[in-house]
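Chemist: Next come the chains, spelled out residue by residue.
2 protein chains.
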Amino acid sequence: MGKLFVVGLGPGDYENMTVRADRALSACDTVIGYHVYLDLVRDRYPDKTYSSTPMTREAERCRMALEAAKNGSTVALVCSGDSGVYGMAGLVLELRGEDDEPEVEVIPGLSACISGAALLGAPLTHDFAVISLSDRLTEWELIERRLSAAAGADLSIVLYNPASHGRPDYLKRACEILLETLPGDRPCAVARSIGREGESRTFLTLSELADFPADMFCTVFIGNSSTRMINGQMVTPRGYRYN
Amino acid sequence: MGKLFVVGLGPGDYENMTVRADRALSACDTVIGYHVYLDLVRDRYPDKTYSSTPMTREAERCRMALEAAKNGSTVALVCSGDSGVYGMAGLVLELRGEDDEPEVEVIPGLSACISGAALLGAPLTHDFAVISLSDRLTEWELIERRLSAAAGADLSIVLYNPASHGRPDYLKRACEILLETLPGDRPCAVARSIGREGESRTFLTLSELADFPADMFCTVFIGNSSTRMINGQMVTPRGYRYN
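Chains as they are written, first to last, in the working numbering: chain A, 6 to 248; chain B, 6 to 248.
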């Protein structure tokens with residue numbers, strides 16, 4: 006009997022992988038994932054079987070991984086960022102259902118909210134919400150409700166999947182919802198290609214964010230009412246009193 | 006001129022550290038932090054100067070780290086979990102202010118929401134909120150507002166600092182707020198001492214959670230309306246349709 010590791014790779018660079026993820030990838034014989042994620046690791050672990058499926062075929066990908074593990078392979082199903090947050094761990098466990106086999110181990114990794122925050126300074130020092138703008142699997146009305154609730158509760162907010170080919174204007178729509186509650190000069194930032202070639206960060210206001218040309222490589226951060234820029238970094242205070 | 010690394014150690018075990026955190030700790034000459042966190046790394050990096058300050062003296066700790074780095078040391082200011090999320094990165098940047106020196110690098114780590122989720126299955130597959138129940142620096146009314154907002158928006162919720170010596174009943178108070186909106190049988194879980202000796206997980210309903218004897222080593226997870234238990238693990242579906 007094999008085993009299935011669902012592995013969070015982190016943002017993409019080796020340094021931001023966990024030791025545990027590195028060891029799982031070294032130990033496995035088969036690596037399965039979306040092809041962009043396979044490209045992140047292929048050179049470092051060359052002696053494995055690599056299999057990919059495209060976007061929208063995640064159930065097939067997870068079934069392939071479960072099947073290979075049941076057949077005796079030690080499989081690493083890899084995800085960018087964390088294996089749980091918008092990752093494949095949940096779907097793997099749903100598809101395995103009440104079977105005890107194969108054994109599944111979920112290996113956490115740095116999700117973009119965490120790695121992006123570190124790139125920007127410290128925007129998530131206090132309570133925050135993580136919301137995906139992808140309505141492929143979720144009603145847009147629910148996404149709007151979550152955006153309004155987060156803003157109304159003065160939470161910092163991280164937006165995943167702010168745009169894609171078929172959804173170029175979702176970030177603008179999200180900002181319009183937020184601007185019903187938040188001021189236009191609220192500090193925001195966009196972290197792009199975190200941990201990869203072309204990594205960049207942009208600091209801007211919420212009003213400017215509405216017109217920012219986001220793409221699928223971007224993670225968006227919206228500050229709370231205490232967030233401010235300090236020496237070019239985005240900082241949300243925890244509330245410590247000093248001096 | 007030295008440098009200050011603000012390092013997220015992850016939950017506490019070596020395997021769940023990032024390669025980058027390991028390298029920063031190996032390279033530094035001085036390690037500063039709360040003594041519990043220093044104990045996590047002392048044996049593995051024995052040839053360093055170790056300095057600690059107690060709880061409630063975080064500003065002193067950060068100033069000590071900034072001063073040592075200004076004086077030429079390569080300093081690692083260590084935090085459990087992530088360096089940003091309820092960590093020291095924000096306070097370091099606040100205290101450094103508009104000075105360019107010393108150089109500060111924020112190294113992200115696995116925050117308890119991420120590492121705890123992986124231990125429990127996949128409770129954070131979809132949108133979620135992270136809220137601390139500590140009112141040392143934050144008004145309890147704001148915490149309540151955030152709890153209500155998160156529950157009302159059908160977000161999964163992660164509670165940090167669910168209890169401490171002076172705050173034994175805060176988890177009960179938080180659950181009472183949540184039970185105004187959520188059903189008593191909502192799946193929840195408590196991850197305790199993640200990545201450390203005595204690591205444990207408890208699955209229970211929201212009603213049961215109200216009476217759970219939480220302590221400072223616990224991270225609490227509350228599911229959204231789709232969350233369910235599958236083969237002993239807590240799973241929040243992303244919404245993928247299969248079969």
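Since the hints were derived computationally from the structure, they do not count as laboratory data. C-beta: ideal position from N, C-alpha, C; glycine also. Worth double-checking, as some hints may not be accurate.
[What the hints assert, rightly or not] Cross-link-like lysine to any residue pairs, in silico, SDA-like; alpha carbons within 25 Å at most:
1) A:75 with B:235
2) B:75 with A:235
3) A:53 with A:103
[To be verified] If you want the ones that stay clear, here's a sample from chain B, every Cβ over 12 Å from chain A, calculated:
4) 35
5) 113
6) 205
[To be verified] Looking from chain B toward chain A, a few residues come up when the C-beta cut is under 8 Å (computed):
7) 19
8) 27
9) 30
10) 31
11) 32
12) 45
13) 100
14) 133
15) 136
16) 151
17) 159
Chemist: Please check whether the beta-carbon of residue 35 of chain B is more than 12 Å away from every beta-carbon in chain A.
Modeler: holds (21 Å)
Chemist: Beyond 12 Å from chain A, beta-carbon-wise, is residue 205 of chain B?
Modeler: Correct as stated: the minimum Cβ-Cβ distance to chain A is 17 Å, above 12 Å.
Chemist: Close enough to count: is the Cβ of residue 32 of chain B nearer than 8 Å to one in chain A?
Modeler: Violated - the Cβ of residue 32 of chain B stays beyond 8 Å from chain A, reaching only about 12 Å at its closest.
Chemist: Under 8 Å is the threshold here; is the Cβ of residue 30 of chain B close enough to any Cβ of chain A for the hint to stand?
Modeler: violated (12 Å)
Chemist: Are residue 151 of chain B and chain A close enough, Cβ to Cβ, to be under 8 Å, as the hint says?
Modeler: holds (4 Å)
Chemist: So if I understand the rule, the pair passes when the alpha-carbon distance is 25 Å or less; does residue 75 of chain A with residue 235 of chain B pass?
Modeler: OK: residue 75 of chain A and residue 235 of chain B at ~18 Å, within 25 Å.
Chemist: With 8 Å as the cut and Cβ atoms as the points, is residue 133 of chain B at the interface with chain A?
Modeler: It holds, given that the least Cβ distance between residue 133 of chain B and chain A is near 6 Å, below 8 Å.
Chemist: Report holds or violated for the interface hint on residue 45 of chain B, using the least CB-CB distance to chain A and a cut-off of 8 Å.
Modeler: violated (14 Å)
Chemist: For a C-alpha distance cap of 25 Å, please report whether residue 53 of chain A and residue 103 of chain A respect it.
Modeler: violated (29 Å)
Chemist: Take the C-alpha atoms of residue 75 of chain B and residue 235 of chain A, compute the straight-line distance between them, and say whether it is at most 25 Å.
Modeler: holds (18 Å)
Chemist: Holds or violated: is the Cβ of residue 159 of chain B closer than 8 Å to a Cβ in chain A?
Modeler: Result: holds, 7 Å to nearest chain A Cβ.
Chemist: Taking the least C-beta to C-beta distance, is residue 31 of chain B closer than 8 Å to chain A?
Modeler: violated (13 Å)
In this structure, the hints that do not hold are numbers 3, 5, 9, 10, 11, 12, in rising order.
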